[in-house]
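Enquirer: Here's the letter readout for the chains.
Number of protein chains: 2
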Amino acid sequence: RSGLSKTQQIRLISVESLKPSDTFARRHNSATPEEQTKMSESVGFDSIDSLIDATVPKSIRIESMKFSKFDEGLTESQMIDHMKMLASKNKVFKSFIGMGYYNTSVPAVILRNIMENPGWYTQYTPYQAEISQGRLESLLNYQTVITDLTGLPMSNASLLDEGTAAAEAMAMCNNILKGKKKTFIIASNCHPQTIDICKTRADGFDLKVVTSDLKDIDYSSGDVCGVLVQYPGTEGEVLDYGEFVKKAHASGVKVVMATDLLALTMLKPPGEFGADIVVGSAQRFGVPMGYGGPHAAFLATSQDYKRMMPGRIIGVSVDSSGKPALRMAMQTREQHIRRDKATSNICTAQALLANMAAMYAVYHGPEGLKVIAQRVHGLAGTFAHGLKKLGTVDVQGVPFFDTVKIKCADAHAIADAATKSGMNLRIVDSNNITVAFDETTTLDDVDELFKVFSGGKPVPFTAASLAPEVQNAIPAGLVRKSPYLTHPIFNSYHTEHELLRYLHRLQAKDLSLCHSMIPLGSCTMKLNATVEMMPVTWPEFANLHPFAPTEQAAGYQEMFDDLGDLLCTITGFDSFSLQPNAGAAGEYAGLMVIRAYHMARGDHHRNVCIIPVSAHGTNPASAAMCGMKIVTIGTDAKGNINIAELKKAAEANKDNLSALMVTYPSTHGVYEEGIDEICKIIHDNGGQVYMDGANMNAQVGLTSPGYIGADVCHLNLHKTFCIPHGGGGPGMGPIGVKKHLAPYLPSHPVVSTGGLPAPEKAEPMGTIAAAPWGSALILPISYTYIAMMGSKGLTDASKIAILSANYMAKRLENHYPVLFRGVNGTVAHEFIIDLRGFKNTAGIEPEDVAKRLIDYGFHGPTMSWPVPGTLMIEPTESESKAELDRFCDALISIREEIAQIESGKADAHNNVLKGAPHPPSVLMADSWTKPYSRDTAAFPASWLRSSKFWPTTGRVDNVYGDRNLVCTLQPEVVEEAAAATA
Amino acid sequence: RSGLSKTQQIRLISVESLKPSDTFARRHNSATPEEQTKMSESVGFDSIDSLIDATVPKSIRIESMKFSKFDEGLTESQMIDHMKMLASKNKVFKSFIGMGYYNTSVPAVILRNIMENPGWYTQYTPYQAEISQGRLESLLNYQTVITDLTGLPMSNASLLDEGTAAAEAMAMCNNILKGKKKTFIIASNCHPQTIDICKTRADGFDLKVVTSDLKDIDYSSGDVCGVLVQYPGTEGEVLDYGEFVKKAHASGVKVVMATDLLALTMLKPPGEFGADIVVGSAQRFGVPMGYGGPHAAFLATSQDYKRMMPGRIIGVSVDSSGKPALRMAMQTREQHIRRDKATSNICTAQALLANMAAMYAVYHGPEGLKVIAQRVHGLAGTFAHGLKKLGTVDVQGVPFFDTVKIKCADAHAIADAATKSGMNLRIVDSNNITVAFDETTTLDDVDELFKVFSGGKPVPFTAASLAPEVQNAIPAGLVRKSPYLTHPIFNSYHTEHELLRYLHRLQAKDLSLCHSMIPLGSCTMKLNATVEMMPVTWPEFANLHPFAPTEQAAGYQEMFDDLGDLLCTITGFDSFSLQPNAGAAGEYAGLMVIRAYHMARGDHHRNVCIIPVSAHGTNPASAAMCGMKIVTIGTDAKGNINIAELKKAAEANKDNLSALMVTYPSTHGVYEEGIDEICKIIHDNGGQVYMDGANMNAQVGLTSPGYIGADVCHLNLHKTFCIPHGGGGPGMGPIGVKKHLAPYLPSHPVVSTGGLPAPEKAEPMGTIAAAPWGSALILPISYTYIAMMGSKGLTDASKIAILSANYMAKRLENHYPVLFRGVNGTVAHEFIIDLRGFKNTAGIEPEDVAKRLIDYGFHGPTMSWPVPGTLMIEPTESESKAELDRFCDALISIREEIAQIESGKADAHNNVLKGAPHPPSVLMADSWTKPYSRDTAAFPASWLRSSKFWPTTGRVDNVYGDRNLVCTLQPEVVEEAAAATA
Ligand SMILES: Cc1ncc(COP(=O)(O)O)c(C=O)c1O
Ligand SMILES: Cc1ncc(COP(=O)(O)O)c(C=O)c1O
Ligand SMILES: O=C([O-])O
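Just so you know, the sequences run in chain order Z and S. Per our numbering, residue 1 is the first one in the first sequence, and the count goes up by one each step. Per our numbering, residue 1 is the first one in the second sequence, and the count goes up by one each step.
Keep in mind the hints are simulated off the structure, nothing from the lab. Just so you know, even glycine gets a beta-carbon here, dropped at the ideal spot from N, CA and C. Accuracy of the hints is not assured; some may be wrong.
[As the list claims (entries may be wrong)] List of simulated lysine-lysine pairs, DSS-like, C-alpha gap at most 30 Å:
(1) Lys457/S / Lys388/S
(2) Lys89/S / Lys420/Z
(3) Lys19/Z / Lys792/S
(4) Lys84/S / Lys420/Z
(5) Lys792/S / Lys810/S
[What the hints assert, rightly or not] Far from chain Z, by Cβ distances over 10 Å, these chain S residues were calculated:
(6) Gly179
(7) Pro366
(8) Val393
(9) Asp416
(10) Ala463
(11) Ile630
(12) Ala758
(13) Glu763
(14) Asp834
(15) Lys839
(16) Ala899
[Unchecked claim] Chain Z side only, calculated, beta carbon under 10 Å to chain S, not exhaustive:
(17) Arg375
(18) Leu379
(19) Glu439
(20) Ser880
(21) Arg945
Looking at chain Z on its own, in the form it has when it is part of the complex (with noise of 0.2 Å):
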């Protein structure tokens, strides 16, 4: 014993030993090395590795992943430090640029509690309603900010970013004229950027965009379908647009208005004009610039057009037992119903931040938003005051909200004085300059923007010293006399504590990552790690304006640069573009990259596009954008593309194929043997192989889409790498394409940018997105991801993910059967198991088991897509193999639940699963007339005794509520906010 003490003692230290041992991987890859030997050995192999070779085909697997930096990967400390160096390079101006983007000063308490809170932001899409009520109730909030403050009935609960919410509008006038008037007219007093993402995607409807100054339209050739206006105008002006709609109107001419949500605390609301659609942007209300996004645009319209509004919109229904009850209406208009027939193909929208847009308005309330504003314009005003005193330049005599329009000299030389006294302005050209106020701007600000007009003449006043003078500048007529968020959610929590206690009922409600496993089929819901998650709201992130010059955002330029590279690393291409704000948007701007490298070649004819049946809705929908002609193929019976049928496609097609559009691993969980094949076919018959990355989980340092033979390929950052879902985004679609197609990456018309790498020449498809770099604020929640997991944590990640599903697949496939394997009889990282039987042997839908799961303390997995009547199961590397259990013991008990219905146990009506999931409320009723216990509905399982998480509501009704949609707070369908302030 001595003896083994003595060598204990002279134990001798390595250097590996004493590395930093706060590392990553293992806390985000949750099964440990030995429960990893043990999963593979219940599925049949000695070994992950074996496991994984007889999985991932040989011909596409690559030898390993080598990453130029991070390679290691980071530990937790180092990576803070590492985000820190890269934020003192990022230099926070005061930004009086506006056009679409102003400081906020976001409230403390709705920072920590949604944005920094995973209660909120690793919720899923509120698809499963009645564990969701909380972010229901606040989307439906968001829609009732929009409504009551543009003046028109309908919303929707976000869009990506305010130019493709005009972009959307645009498709929408098209619609509503049935594609019959094939010209657009969009004012010159819109933002550049609104202007630029419209005349691109205007492209794939074959819409002819005009621009033309406000004076100058002209409908008169009877081809004209909508006319986008701005208001105030993106150079500040203040219009009265009542005789404006009525001439559009009375040519048949739709108006769209795009607006800003503060001004119209104040101003006449577009609705009393008679716009048809109003857009814009909700980032003022209290969400960081964040040098770009995320940010929650907005879209709304009149009732007349609600079927025809793109995007995610919550409504109020009935629960099971008649009480009100909210989820997302109308779901028959979007692309995973409709497809390319879709009134768009948005997915992933901005959840989170219309979440915290709502929240302002619910903080600040309707007095406190009209202080805010007038706060704003009586700066502005105070401004404009004191230029006209200072004389040096030429203040424009048009009545404006926050941004005040100054012809000058120079331009330039005033906005480098002004950068000098960090601040940045807006050049309009050589001879204008703007001027925008917001809710941070101070009358100190204004004093220091006197000295920069005075040019360096002692200024004979301050801003306190004229505020007394200064008059209202909005013309009499604009005046907003409507009123406006007069329900009482918007009138009760103006208090820290009230706010602090609303956000957290609502949270209560919510199941998020917090309490359980969320294995959403394509939805890749992992692990959103704290460190990855603490960049996003420092202050030299989130404070950027995306015009301020690039020189002030070294710290996100030199993070741009990386993570391209660290992307072209891991996806096998040569240049990626940040833009696109979520995969959907991705798969549009990669197919608008090849369709502008076909019109480059002269190849204008090439139109087709092939898609699988498998397909996921967005792919269709994003092709029917590009105005492209789907030609659509099916499976074979287990599960692969039909090769011979995409074959004969393809040549059939030949002389017009533009492309086709392929996810990998399929959407079946499997890796097709015949996918380089498939490729080859592909180009034999001149198309472009576009890459769905939705499953780049399952490749991840194992094979690559460059490797495989894709051309471009989107990821989505929100699934792969870490962003969290946020109840329904942000997301970020970055795409990556081959060397050929870099160069028409899109670009941006304020801030110019492309292909990272860039490549030689650019020729730019267009833009896509409003920010140059997408939604730039929550890229550095991938970059650590990436950079702490380093080459081999990444590629483990991977391996661990398809060793839980074939784990998962091995436990359920004697309970239930488990559709499409690949050749070696395992899955990919998600699987299929099928439901279908159930429907005749117990009259059970995939429904009906997803609502039970609930009761169990679980979200369902995916249902019924790509297969009607199954489920699809992902349950990604960060679910530990005890997590794994508990959700394979439930649904194993569930089928014993089915079981009792197929022996007549149970009755066929009236069982566990059709009467879930069990709130409280029903449990506890003093009448019980269920044929099953109470104790059964609520606690199937033994770990529900020391923990549950329940349900609000019963079964929610989707008919009812589409029957009778309401899409606003009514006084009497809410009744949270009246028992709270009883």
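Position chain S with the ligands against the provided structure of chain Z, taking the given hints into account.
Expert: Quick look at chain S with the ligands alone, frame taken from chain Z:
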């Protein structure tokens, strides 16, 4: 109409309206001006001011309060900017100082989800066990960490810091030996601050402290009760205490060991040496150094002495259904029951930090902790090895864990060179330096140190190159062999998802201010605003060593100075000490200041302390700790101090009178009219007035302790000044004094401190806390609160707090007798409702009402203190009228439920009150045998239907738990971990 718009258009702009709009006071003070008027009217006053005039005695009312800084109050964003500025003045150097404070990697998931999460930090002390099971489990984990690592079976749930823990252990030794042996020996290998605290504390016990070299320790006097040694020693040495303990025990001397948790993962635990009591700090288990605190200290002992342990102890019991449930055990030891006979005066401890430390152990697990320890040890070894090679200094040849002791020619020169490289070393004396390593040290750091020690010459090796030749320096006999942290909880949650969910599962069981008001009389559970909390986790505040050169902490020092000034203005005092870490510590410190004052004047005999019966238990307990003789005086029928009795007592003790301890407004919730007279009586009889500042929330801006006539007072910053309660700490109890007492304010042996502002001369009475400025890290909370509120906001807070209490008392008075009122019939900021009558009429006790309140979603008020059979309600200014009304509605509804019993409609033993609280498991059980309905049990108020907080256990049995004492995790007891990992 157009005329009207015209007016609107030319409305002028006021300077006022251009000031920043993100003001704070209106977010903190919840009642709007309109509500204030309404509430005032309902209590019979036309305005809040006339209510206040009628309530606060004219004789003590101050005109107004004015700050020399921040008088107007900063807005939220101005505050953040100001704190960033202060933060930038703190320089975060690498610390190798050690001495009980080590840098640590706070796991980000713990930082965000506990320390930055109001769901954890706004919890109250877990007196209501049924809505506190989450933090109770976490504290049980903490106790298990302590007992497992120290090798002793009993631990408390934290003490204030290591130094005071040692002093508590000293007091225990004194008690164990029944005060018969009056010498306590402290080995000189203890931290200097520990030694000084014990010396100061010993004074009051009439104990002689002898400091001695280990080898010179001598028990031959026969008068030694205990001995304190440190393991590892303050200069790093790791000694075998086997023989030492045997020898002490042979002389009947108890052995206290101060130790280090991280070291104990590698070292033989003190319990195995036979130590009787073990103390230390859990700081390096993931709690930031914070320039001194807050951190959780621990104290462990054997079964024999468990009833002598100080502080709160969590234990296992059963609930009304017989299921395991946790609660605070053996409360009969504590000051609130035993008063001057208590084991200690401690009340508020360090729950939040204990939870962080426990979670750090949960996250790393036994293996992970050992890896960290081995790494730290390895780095220290590598450093020592390198120094020997360099040969420039003399590395001391003692075994060490993390701290290397070095003899050198000029310690200051070396330390200065280190400082130039951004590193702080410990200068022991002019020829000795120690270098302590920690979790955050890297190989690069060791290389930097080599450079410092090489005196500018090139270092011919690197730490990495040396490592392979370095040997473990722990002697064979001291290598730990016993297992630790074997419970599943420490072996399951090692990935971020698992820990995140564990944290959230626990959080979901606990009611906090995120849910509803917590109207704890005498505890002032007000808003803990987010902006106040934000700087606490900034690295520039969090990562400073308390003994770093003060010039590196210029931001902190500036804040201390300003906070001292502000607190002086608020209290009417002349100087403040920021050292005491809780209210009770402040009491003790304040009394010791008074004692020192008397001593300095030759009044050694003045040792009588008059304390009213209504005083908080900490008052007599603190007086006892100062060796004072307590004379208790009564109150009259109106709850006021019996002035005649007081006068008699003062005069009778004239010659020996030391102090009066008095709480103002009284603990009965009344502004006693005679308070100025009372102060005069005490002064006339040679005594000093100690005012307990717990009720300061009723004074700020209206009167002040100094103005009233007190000589010294502590402030509970965790009550009046917004430090959150954290589920039972942290707190801060700074003391303010009049000029004549200022010289005696505590100092510190390592960094000398004293009054703020500093008095002309200083004769410090000793040391009160381990860190010079106590829990410096949480001082920004109070500082920002004061700075954002400004003098008017703070005064309004006091007024509204009083208004709220009066409003509630009015609403409740027809339902419950309201005990005690001032001369005008009003109450102060809190009030007492009398439930004693219900004992006879319905068999109902205060506990029944408190438990039934849980069913209504509320935390019960203070129970049976200061008057048995009552509830004391303190609403604070931060609760909205809506929330006050909800709470009143609940109490009124409960009164009706009591009436049902009184009238015989409800059963006397089996009713909703006796059955409360009702957890889901009971409410959903298949069988329901109660005479009332499930619905009545679960949903007694309308607001519960839309959102309800569920208790997780039935009523917890306190007696059972104390009879069957279990204070650590038992595999069979805590099922959760098992379930979660099943
Ligand atoms: C296969 C596939 N492609 C594309 C998308 C669309 O991505 P996004 O929601 O980011 O627009 C999804 C979304 O789930 C998907 O599963
Ligand atoms: C009147 C009074 N004095 C003193 C204290 C002790 O303060 P602390 O818990 O900070 O030690 C309390 C605590 O509730 C109290 O109510
Ligand atoms: O969100 C999806 O439609 O998959």
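Enquirer: Give a verdict on every hint.
Expert: Tested hints:
1. Lys457/S / Lys388/S: With Cα atoms ~15 Å apart, Lys457/S and Lys388/S stay inside 30 Å; holds.
2. Lys89/S / Lys420/Z: With a Cα-Cα distance of about 25 Å, the restraint between Lys89/S and Lys420/Z holds, given a limit of 30 Å.
3. Lys19/Z / Lys792/S: 54 Å, violated
4. Lys84/S / Lys420/Z: 22 Å, holds
5. Lys792/S / Lys810/S: 26 Å, holds
6. Gly179: 42 Å, holds
7. Pro366: 14 Å, holds
8. Val393: Consistent with the label, Val393/S stays out of reach of chain Z, its closest Cβ about 21 Å off (over 10 Å).
9. Asp416: Given a closest Cβ separation of 26 Å, the condition holds.
10. Ala463: 7 Å, violated
11. Ile630: 40 Å, holds
12. Ala758: It holds; Ala758/S is separated from chain Z by about 35 Å at its closest Cβ, greater than 10 Å.
13. Glu763: At roughly 44 Å from the nearest Cβ of chain Z, Glu763/S sits farther out than 10 Å, so the non-interface label holds.
14. Asp834: 27 Å, holds
15. Lys839: Answer for Lys839/S: holds, closest chain Z Cβ roughly 31 Å.
16. Ala899: At about 22 Å from chain Z, Ala899/S clears the 10 Å cut-off, so the statement holds.
17. Arg375: Arg375/Z check passes; min Cβ-Cβ to chain S is 6 Å, inside 10 Å.
18. Leu379: Holds: closest Cβ of chain S sits about 6 Å from Leu379/Z, inside 10 Å.
19. Glu439: 7 Å, holds
20. Ser880: With Cβ-Cβ at 5 Å, under 10 Å, it holds.
21. Arg945: 7 Å, holds
Hints 3, 10 from the earlier list are contradicted by this structure; the remaining hints agree with it.
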